[in-house]
Amino acid sequence: MAHLIEIRDMYKIYAQGDEPVHALDGVSVSIDEGEFVAIMGASGSGKSTMLNILGCLDTPTKGTYLLDGIEVAGRSRTELAHIRNEKLGFVFQNFNLLPRTSAIENVELPDLYLGRLGRRARRRRALELLRRVGLGGRGTHTPAQLSGGQQQRVAIARALMNKPPVLFADEPTGNLDTKSSIEIMNLFTELSRAGITIVMVTHEDDIAAYATRHLVMKDGHLVSDDKGAAK
Amino acid sequence: MSLWMIFKVAVLAIFRNKTRSLLTCLGIIFGIAAVIAVLAIGKGASAMMVAEISQMGNNLVMVFPERKQAGVVHQGLGGGQNMTAEDVIAIKNELSHLVQFASPQVNAFCQLMHQNKNWSTRVQGVSVDFPDIKNWTMKEGRFFNEQEERRASRVCVIGTSVASNLFGEEEPVGKTMRIKNMAFKVVGVLNSKGANNWGDDQDDTVMAPYTTVSRVLQGSAFKSINMMNLSLYDMDDLDEAKREITAILRQRHKLADYQDDDFETRDTTEIMNTIGSVTGLMTVLLTVVAAISLLVGGIGIMNIMLVSVTERIKEIGLRMAIGATPFMILTQFLLEALVLSAVGGVIGVAAGIGVAQAIGAMKHWPIVVEAGSAILAFGFSAFVGIFFGFYPAYRASKLNPIDCLRYE
Ligand SMILES: Nc1ncnc2c1ncn2[C@@H]1O[C@H](COP(=O)(O)OP(=O)(O)O)[C@@H](O)[C@H]1O
Ligand SMILES: [Mg+2]
Numbered sequence: 038m039a040h041l042i043e044i045r046d047m048y049k050i051y052a053q054g055d056e057p058v059h060a061l062d063g064v065s066v067s068i069d070e071g072e073f074v075a076i077m078g079a080s081g082s083g084k085s086t087m088l089n090i091l092g093c094l095d096t097p098t099k100g101t102y103l104l105d106g107i108e109v110a111g112r113s114r115t116e117l118a119h120i121r122n123e124k125l126g127f128v129f130q131n132f133n134l135l136p137r138t139s140a141i142e143n144v145e146l147p148d149l150y151l152g153r154l155g156r157r158a159r160r161r162r163a164l165e166l167l168r169r170v171g172l173g174g175r176g177t178h179t180p181a182q183l184s185g186g187q188q189q190r191v192a193i194a195r196a197l198m199n200k201p202p203v204l205f206a207d208e209p210t211g212n213l214d215t216k217s218s219i220e221i222m223n224l225f226t227e228l229s230r231a232g233i234t235i236v237m238v239t240h241e242d243d244i245a246a247y248a249t250r251h252l253v254m255k256d257g258h259l260v261s262d263d264k265g266a267a268k
Numbered sequence: 004m005s006l007w008m009i010f011k012v013a014v015l016a017i018f019r020n021k022t023r024s025l026l027t028c029l030g031i032i033f034g035i036a037a038v039i040a041v042l043a044i045g046k047g048a049s050a051m052m053v054a055e056i057s058q059m060g061n062n063l064v065m066v067f068p069e070r071k072q073a074g075v076v077h078q079g080l081g082g083g084q085n086m087t088a089e090d091v092i093a094i095k096n097e098l099s100h101l102v103q104f105a106s107p108q109v110n111a112f113c114q115l116m117h118q119n120k121n122w123s124t125r126v127q128g129v130s131v132d133f134p135d136i137k138n139w140t141m142k143e144g145r146f147f148n149e150q151e152e153r154r155a156s157r158v159c160v161i162g163t164s165v166a167s168n169l170f171g172e173e174e175p176v177g178k179t180m181r182i183k184n185m186a187f188k189v190v191g192v193l194n195s196k197g198a199n200n201w202g203d204d205q206d207d208t209v210m211a212p213y214t215t216v217s218r219v220l221q222g223s224a225f226k227s228i229n230m231m232n233l234s235l236y237d238m239d240d241l242d243e244a245k246r247e248i249t250a251i252l253r254q255r256h257k258l259a260d261y262q263d264d265d266f267e268t269r270d271t272t273e274i275m276n277t278i279g280s281v282t283g284l285m286t287v288l289l290t291v292v293a294a295i296s297l298l299v300g301g302i303g304i305m306n307i308m309l310v311s312v313t314e315r316i317k318e319i320g321l322r323m324a325i326g327a328t329p330f331m332i333l334t335q336f337l338l339e340a341l342v343l344s345a346v347g348g349v350i351g352v353a354a355g356i357g358v359a360q361a362i363g364a365m366k367h368w369p370i371v372v373e374a375g376s377a378i379l380a381f382g383f384s385a386f387v388g389i390f391f392g393f394y395p396a397y398r399a400s401k402l403n404p405i406d407c408l409r410y411e
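Taken in order, these protein sequences are the chains called A and B.
Numbered continuously in my numbering, the first sequence closes out at residue 268.
Numbered continuously in my numbering, the second sequence closes out at residue 411.
Isolated chain B, as found in the complex (with noise of 0.2 Å):
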């Protein structure tokens, strides 16, 4: 009997067991696709955050004054009024050469007017140099200038949503809103950029020039500021950029050698291995989730098989009898095995990366489907099926064929 024969007889035998093929190949088509499905979500997930994180500033590294007070509550990061302008200028001059543009942020949460028009959002006071720094850029108008940054000039630019929100379907380049009951003229109107991370609305903002923030919407005495964005030329020169402007700063703001640090930096490369953690984690939990559905999915298989057993050792003994020897037994039940394995893998496979598009698309999450994964599934799964199909026969392959025909 050939190869090719024999071949044969297995293809009849899976299609003469419909069910239970259909069964088995499902066993094996769900634990793959749940495989690859969570495997390809949590990978793109985890690529997403890495791509917004550095999409949040070029070459990024933020500087937030720290209050220290004894007896007082810690109040985060931002929450002292030891850092003005003059740092931040004053680190632009000195490090030249390592920082390509610097501006402080003056956060100030205020009511917002157009004619009959209401809302409420955090200004933010900067200096011409923000929208290089975040990469934001101008849908209409223009960003204010180094002239209006100097002169305070009550000028601003504002978002896509507080645009819709104030404006409607007007026109808000040189148009005047109220800022705090205070006139502002609109010079430009930003690109959206929609949500963050964190599901903020990155586009319900108003920018203008943080002299005028502190100036007339802060009203404070004290020139703080919230914090400082720099952009760096090469993030190479991280750790170079951090020991100087920890030394500008010491020295700016005159702290003696046993007292600590009163401002902290945070770098997008921090953030990143945060993240980098976080995800890490998740990964692990989706490599458990996924490992279990395989297991499921295998237990299924095995049960399928052992409960043809019976059947399936009366045909073996049946088939002996009529002049099958060992080896053509052996081989059918391999080749049936195999060719279960293989149809369900590959339907598993694109299934898993159906449901993970699907998924994706109505979630616009991206999707990475690692070949890592599917080779992992697909061998898993398939090595439940071979063994569990191939199982029955080898054992029935020792027995003589009147003790399989009397098997119960």
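Here chain A stands alone, though its shape is the one from the complex (with noise of 0.2 Å):
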């Protein structure tokens, strides 16, 4: 069966400064269908590097990436905006909610990008998804109005608007309070029993534990996953 994510001897390197910086030194690794990965690894290992990569955020300097079958590598910006769109959705350590909109308007605008929903439809998508995120009542309320937990939950509803079959998360927990922390991987593990696949980023065990695989990296490698270890 092909893998939903695939890469192979995938490098990214930074060339500022004397010496070249080898943020992902040769990677390569396969994520299927309905898994719920944590990337780990000290701080500079390349664990954003990676996951931006996968994200299609970013593009990687040399390295092959089959998302869903497609060849990624050497897509043109707009077709990658369009895959980020449809297949792809995220949630960041510091929420990046447009300022000064309502809870709904952000969660209604990646459908805005792709268009498939009408006005009301999307409204009610995005209520519905406000509501499964637990924030059924505070539609109206603009990101500064918001707790740091909801604002990332307003973040998720967001990151599921266009029903994307993978959610990419970086350090998710990073900017929260514990009891914040455990709400949003209780949330996690829902929508990855759900069916969804998530690709998470934390350097924190007690987040990472919530995961059912592990790959941890070590300067631009990856040193250890132990679904590669089961085998």
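Derived by calculation from the structure, the hints in this document are not laboratory data.
Please read all numbers here as calculations on a predicted model, not as lab measurements.
Some hints could be false.
Unchecked claim - Distance condition first, Cα-Cα at most 25 Å in a straight line; then the derived PhoX-like pairs of lysine-lysine:
no., chain 1, residue 1, chain 2, residue 2
1, A, K124, B, K317
2, B, K142, B, K95
3, B, K120, B, K21
4, B, K226, B, K21
5, B, K21, A, K200
6, A, K124, A, K216
7, B, K21, A, K124
8, B, K11, B, K317
9, A, K99, B, K401
10, B, K317, B, K95
11, B, K226, B, K183
12, B, K401, B, K11
Please assemble the complex out of the two chains, which come individually in their own frames, going by the hints.
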């Protein structure tokens, strides 16, 4: 069976300064549908770089990337935008909601770019997603009126708007207290059980514990994979 | 995503950032309004001057005697003593095909009296042609007639300012007033002309036959006049008329070939040209001021836009991350800038015209709004608004989404 995500010999080299930085130094990995993967490792080990490339937010220096059977490397910026819009959802450490914009409008945004739903259907789906993340009554609140945990839940609802098969999250609990972190991870677990593939970066073991598979990185190399170890 | 959708996103973004949108608009509004107001007032002022100068007289040519005497300081126009009323009569007779009206002018500054009221003003000794030359009309009574002019009768007409100062509520026509302690009969009151360009009250005047003024008021042995006022049938004949006038006066004044003219002609086209160069200079100055205000407005827009670049680039990064293509981003920002510029531009034009008209109404200046200046101001401000509104988006569209999200 073909993998949902498959990268081969992936390199990302930053040529800044005297010495080029090998943020990714020949990484190969494949992820199947429905997996809940945690990418772990020390700060500066290349976790975010890997996630950004997997999420088509960044382009690798070298290497191949098959996403859902299609080759991603070498695609135009416009094609990558369409892929992100339809297939991928993102959750960031600092939430990245549009300021001074209501929660409901933030959640609706991905479909504005996709244009799949009409105005009414879009509003209905956004409301339903907000309910699902536990913010049913907060649709009209702007980010400034929401706590960090609530903002992250709005961001998750937004990531789910276009029903993407994959969700990427870079340190989603990095700016949150323990209680909010647990709520967010419970939500992730729920989504994972519903069949959504999740790839999450974290350096905290108790957060990584929610995942079903753990990739550990060091200096741009993949040094441990408990799925590979299990094999 | 349809263009309409992108337009809606752009309008939402404008409303989301009310302060920034307002400040950008203000830059455009002030830039455009300043230029339009300044140019409208400037153009209006020069139009008014031209109008007033042509109102000075109909096809007016003035001839002044010039004092030519070695070792004596030049006294300026009208200072000579070599021009007489006979010169005027000769010109009128010989150039009857060119000159419609002709009037000598003798000025005397005199003390006026009526009952217990005193007033000092200039008494102009002129001929019966004078009202036709200078567009004076009668409010009450009549102008003096040819017989009175011939006989040097002690009659006069007075301007409204003199009438109110000497007669108050009284009816002046038919009354006797004293000029230099001599009794004059008031036969008419002139219609008001108001102040001229230089602020002189044109209604503060007394007119009497030049014969009377030179005989009894000046008491001069010479029959010299201060100037002559001529009105041509047609300004197209100006050059010919000036040539003929020069020939006649040189002959009458017995000037040899080697001698310079002892008189000088002036006409309204000449004055118009002088004023034209003054208003031309004024227009240049005003345009510079306008350009500076446009520049200041433009810099204001630039500032606001550049300050918001960080926030906007993060916004762009996020929009791209969730699926906006570079084209959508560019279109959104272009539409935002266009909407802001258009709204600011329309308000700016309206405000500029409003300010110009308010100032015009206050100062009684006419206002001339030229489409050209509006288009220029609109174009420049819109360019600045669009360029700096669009610029961060253009730059960001060349970046990876993640570089935008990480932009500091
Ligand atoms: N835009 C960049 N320019 C230069 N170096 C970068 C850039 N992004 C990341 N790096 C470098 O790449 C390495 C990996 O970074 P990153 O993937 O962010 O690590 P992590 O997320 O594991 O902490 C680090 O050494 C970092 O300094
Ligand atoms: Mg990181």
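Going through the hints against the structure:
no. : hint               : in the structure
1   : A:K124 with B:K317 : 22 Å, holds
2   : B:K142 with B:K95  : 28 Å, violated
3   : B:K120 with B:K21  : 68 Å, violated
4   : B:K226 with B:K21  : 79 Å, violated
5   : B:K21 with A:K200  : 33 Å, violated
6   : A:K124 with A:K216 : 30 Å, violated
7   : B:K21 with A:K124  : 34 Å, violated
8   : B:K11 with B:K317  : 20 Å, holds
9   : A:K99 with B:K401  : 20 Å, holds
10  : B:K317 with B:K95  : 86 Å, violated
11  : B:K226 with B:K183 : 19 Å, holds
12  : B:K401 with B:K11  : 24 Å, holds
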